[in-house]
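Those sequence lines, one after another, are chains G and F. According to my numbering, the stretch in the first sequence is residues -3 to 118, in order. According to my numbering, the stretch in the second sequence is residues 6 to 219, in order.
The reader is advised that the hints may include incorrect statements.
[As the list claims (entries may be wrong)] Derived DSSO-like pairs (lysine-lysine); straight-line CA-CA distance at most 30 angstroms:
hint: 1; chain 1: F; residue 1: LYS199; chain 2: G; residue 2: LYS63
hint: 2; chain 1: F; residue 1: LYS154; chain 2: F; residue 2: LYS199
hint: 3; chain 1: G; residue 1: LYS66; chain 2: F; residue 2: LYS154
hint: 4; chain 1: F; residue 1: LYS140; chain 2: F; residue 2: LYS116
hint: 5; chain 1: F; residue 1: LYS206; chain 2: G; residue 2: LYS66
[What the hints assert, rightly or not] Just a sample of chain F residues kept apart from chain G, beta carbon distances all over 12 angstroms, derived:
hint: 6; residue: ARG102
hint: 7; residue: LEU103
hint: 8; residue: HIS109
hint: 9; residue: ILE156
[Stated by the list, open to error] The following residues of chain F were derived to be distant from chain G, with all beta-carbon distances above 12 angstroms:
hint: 10; residue: PHE100
hint: 11; residue: LYS101
hint: 12; residue: LYS105
hint: 13; residue: ARG108
hint: 14; residue: MET111
hint: 15; residue: ASP115
hint: 16; residue: GLU125
hint: 17; residue: PRO129
hint: 18; residue: ILE136
hint: 19; residue: THR160
hint: 20; residue: MET194
hint: 21; residue: VAL196
hint: 22; residue: LEU197
hint: 23; residue: ARG204
To be clear, the hints were calculated from the coordinates, so they are not data collected in a lab. The structure displayed is predicted, hence computed values, not measured ones. We put the CB at the ideal spot given by N, CA and C, even for glycine.
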Amino acid sequence: MIQPQTLLNVADNSGARELMCIRIIGAGNPRYAHIGDVIVAVIKEAVPNMPLERSEVIRAVIVRTCKELKRDNGIIIRYDDNAAVVIDQEGNPKGTRVFGAIPLELRQLNFTKIVSLAPEVL
Amino acid sequence: MQSIWRCLRGSGCHLSKSLICSGGKAESHLKHFLGNEFNLYGFKALSSNGISQSANSGANFLIRSMTTSINPETSDGQDTSPSTPEVVHPPWIKFKRLDKTARHIMNILDKEAVEQVRAEREIPAIEPGYIIQLKVEVPENKRRVSSLKGIVIATRNAGLNSTFRLRRLVAGVGVESVFPLYSPNIKEMKVLEKKKVRRAKLYYLRDRMNPLKK
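All chains should be built: construct the whole structure from the sequences, respecting the hints.
So this is what it looks like as structure tokens:
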């Protein structure tokens, strides 16, 4: 349940450390974003000497939330933090590596590159 | 006045000075207060003799005579024998509450389903604090997920819908998963270790076993 002003960790090596959500992309004025939703975010904290800098507005896809993710087979998954992967307009990740666990739902949402880079797909 | 009552209540107590002093007036006062129903024989004895043995007898007499003026208890022979002629009732059909019956049936169905699943595969007893290894099949992946290992932090007993919550560390991130105990996707379950815990829900582990905590 990510909404504007939410701080998110960054789960890749694109250069950003922390993002703040500004807007949720989607039709019908969505109130909250869940795993697999694309958000517009501003970089609050960045690693020095990288292409991405602080206070840059970028797009990201949410890969982990503290809010539970329910599956049809009755399994519920809950992560310990909120995290996102920085992407470009097409949906390809800007970084080359992804950290942490990624849920399977991203594969159905056409983020296959992220899923293939993931160290652990839940 | 109070001293008179005290000696009336308990037998064998000595009369106080105040009684002797107001001996003359006590009789009239008592008559005024208690009414004519009470036998004042005892009082006469009291007022004249002061401390005497007759005080006892007088007190007892007075206590005995201090019964209330209610009529003695009515005889129990007032039970009504039905004087009306016998009314024939149709044989009474016992009508059980339908929702109770339904709940009972649901309970039985639930237990049968649980027994059926238990007969198929072996499911060990799971308590909070156990370290468990699971083999879960994920149909989306089309292959068996490598066994999940974690600590059970909560269990919920609800018949066929019993669930347990597993906490594990995956690639540096803490993940909690809720699994239905009797899910057909769980192929194998094995208890590795049993930790001693003093709680039924181990939610405090979220702060302790958290690598991402700053």
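Now for the hints, and whether the structure bears them out:
1. F:LYS199 <-> G:LYS63: Given pair LYS199 of chain F, LYS63 of chain G holds - Cα atoms ~29 angstroms apart, limit 30 angstroms.
2. F:LYS154 <-> F:LYS199: With a Cα-Cα distance of about 13 angstroms, the restraint between LYS154 of chain F and LYS199 of chain F holds, given a limit of 30 angstroms.
3. G:LYS66 <-> F:LYS154: Distance of about 20 angstroms is within 30 angstroms: holds.
4. F:LYS140 <-> F:LYS116: holds, 25 angstroms
5. F:LYS206 <-> G:LYS66: Roughly 21 angstroms between the alpha carbons, so the hint for LYS206 of chain F and LYS66 of chain G holds.
6. ARG102: The assertion about ARG102 of chain F holds, with a minimum of 32 angstroms to chain G.
7. LEU103: holds, 30 angstroms
8. HIS109: holds, 26 angstroms
9. ILE156: ILE156 of chain F is indeed farther than 12 angstroms from all Cβ atoms of chain G, at 14 angstroms.
10. PHE100: Nearest chain G Cβ is 39 angstroms from PHE100 of chain F, so the label holds.
11. LYS101: Check passes; 34 angstroms lies beyond 12 angstroms.
12. LYS105: The claim stands: LYS105 of chain F keeps its Cβ more than 12 angstroms from every Cβ of chain G (closest is about 29 angstroms).
13. ARG108: holds, 23 angstroms
14. MET111: holds, 19 angstroms
15. ASP115: holds, 16 angstroms
16. GLU125: For GLU125 of chain F, whose nearest Cβ neighbour in chain G is about 17 angstroms away, the distance exceeds 12 angstroms, so it holds.
17. PRO129: holds, 19 angstroms
18. ILE136: holds, 19 angstroms
19. THR160: holds, 14 angstroms
20. MET194: It holds; MET194 of chain F is separated from chain G by about 14 angstroms at its closest Cβ, greater than 12 angstroms.
21. VAL196: holds, 20 angstroms
22. LEU197: holds, 20 angstroms
23. ARG204: holds, 19 angstroms
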